[in-house]
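Undergrad: Taken in order, these protein sequences are the chains called A and B.
Under this note's numbering, residues 1 to 290 are what the first sequence spells out, in order.
Under this note's numbering, residues 1001 to 1296 are what the second sequence spells out, in order.
By construction, these hints were calculated from the structure, which means they are not laboratory data.
Given the structure is predicted, the values throughout are model-derived calculations rather than measurements.
A hint or two may mislead.
[To be verified] The calculated DSS-like cross-link candidates involving lysine-lysine, where the alpha carbons are at most 30 Å apart (straight line), are: (1) K86(A) with K218(A); (2) K125(A) with K1083(B); (3) K200(A) with K86(A); (4) K1212(B) with K1083(B); (5) K1273(B) with K1128(B); (6) K1083(B) with K1247(B); (7) K86(A) with K1083(B); (8) K115(A) with K1083(B); (9) K125(A) with K218(A).
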Amino acid sequence: MDSEAKSRTKGSNAARRQFLADTARMACGVGLLGLGVGLYARHATALPPAAIRPPGALPETEFSGACIRCGMCVRDCPYDILHLAKPEEPMSTGTPYFVARQAPCEMCEDIPCVKACPTGALDHKLTDINQARMGLAVLVDHETCLSYLGMRCEICYRVCPVIDKAITIDTQTNARTGRHTRFIPVVHSEHCTGCGKCEKACPIQVAAIKVFPIHMAKGQLSEHYQLGWVEKEKAGGSLVAPDVEHRYNLPEGMKYELGQGLSKLPPADVAPAAPGAAPGLPKAFQGGKL
Amino acid sequence: MSAAPIRPGAEAIAAKGWFSAHKWLLLRRCSQIGILLLFLVGPWFGLWIVKGNLSFSYTLNTLPLADPYVLLQSLAAGHMPEKLALIGVAIVVAFYLLVGGRTYCSWVCPVNLVTDLANWLRVRLGLKGGAHVSRQVRYWVLGMTFVAAAVSGTIAWEMVNPVTMTHRGLIFGAGLAWTVLLAVFLLDLFVMRHGWCGRLCPVGAFYSLIGKFALLRVKLPARAACNDCMDCFAVCPEQQVIRPALKAIGGTPPLILEANCTNCGRCIDVCSKDVFTFGTRFGSPENASPPGQRVN
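Make a model of the complete structure from these sequences and hints.
TA: Have a look at this one:
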């Protein structure tokens, strides 16, 4: 082998080595950067609970791939409730959200924010604002809720845009006083849009009712659970055995009340007590649906 | 003659006058600031000419414009955009096919104002050297952003993209976005010359790919008049694009066909011999010589 050819091979070897080294350097450097960016982006798909997406937003994992952070929804919101996330905020930079306690969604019937979205990150299939599911309201703190404390508040119920469907009032006995009613707001996930008006309107220092992302707020029964009364209604009758009216097997002239034990029936009232006249309940609750 | 080095463009100022020697620079600053103002008069004064930002904008409720790069990332993340965004992409791609992809960098992008400032200061302070990073790195970064989008299912790069972060920050409120911009400024000032726009930025890399086929080009009809003053080389943000066309390396026609020429026109400004001009990629500027043939 002559020396010239040898040195040429050597030279091209060196060039090849240099090329490979350069390529590896760039690939590794950029790969590291990519790893950082990718992990950061993954972290940011965990939306903080107080940040609520506009109506029609795709599920969070899809949303951060679909939203191009243009802010058109922010601009077309007539109530100016939407913000774009700043880099230091713990969510995808530049994506839109609102904070219910500051300014809730006013649920415009024409849903301008969804119409403005050029990518469909806010799903254009949402045309009825009552079908929006931005989150789910939860009466999260029973210890501070004025209704639970026995006061007449029910503000969340009054301000609910889907009143009597998304929030209803459940009347209960106030066990503390023994003579009053508690008017408890109850949220129904079937109708709650997550607009956050209840959270905004809650009159105490920190809202007792809050809107959470649905996946945080909603429980789910295991698949094998079947609700007897639902199945019964579906089947049009009892599935197990014919219903029989419950009766206690008691000695003659005795009655039994839960929590009070056995007692003698008054001699005049040998027949079983009428259903609406159960003793032990305040007079106001006797009769009617309670 | 004084001992201080003559700043590039001095000859051109002497030959053509200050305004002629800064014509394209001034026009470019007007374009950059003007476009920014179009976006800003809405939130500042309630005058809604343009809504949105550089990712997607809607002008006078009729003209949709969308950034093809961000939408490609969205596609890589697995989402198909609505029609309006697609129309916006088509308009933008068509526009940059006409005027040159990286024209975006020098005439539109707000970060360019900052990196130009860093470079100006670098020259003023006489800072030399710094880290060497290949100009090819941006294409690796570009590829990485698509991989990151596909793997994470999110538009991952948008979490940190200084370009969109700056523009969005100016229009919608910046928060700590200025820290990212400051990082870019310091990178260009102290770490490497033309570091961000010239070596790392994947947005520029993406637009350069569109620019490969673009119509508008810097031409050198009078390249024979070049007196090797090197002023064009000194001011060019992508210096590697000039030499082949100016020196007819490998029979290159007098036409800058390199994808990374940003069409900033600064070389036209600073040339006292008027070697450069804007033109289309077609036709031979040196009438006597067909393209592909060595002329001087």
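Undergrad: Look at each hint and say if it fits the structure.
TA: Hint check results:
| no. | hint | in the structure |
| --- | --- | --- |
| 1 | K86(A) with K218(A) | holds (29 Å) |
| 2 | K125(A) with K1083(B) | holds (14 Å) |
| 3 | K200(A) with K86(A) | holds (23 Å) |
| 4 | K1212(B) with K1083(B) | holds (27 Å) |
| 5 | K1273(B) with K1128(B) | holds (28 Å) |
| 6 | K1083(B) with K1247(B) | violated (47 Å) |
| 7 | K86(A) with K1083(B) | holds (28 Å) |
| 8 | K115(A) with K1083(B) | holds (12 Å) |
| 9 | K125(A) with K218(A) | holds (23 Å) |
Going down the numbered hints, you'll see the structure goes against just number 6.
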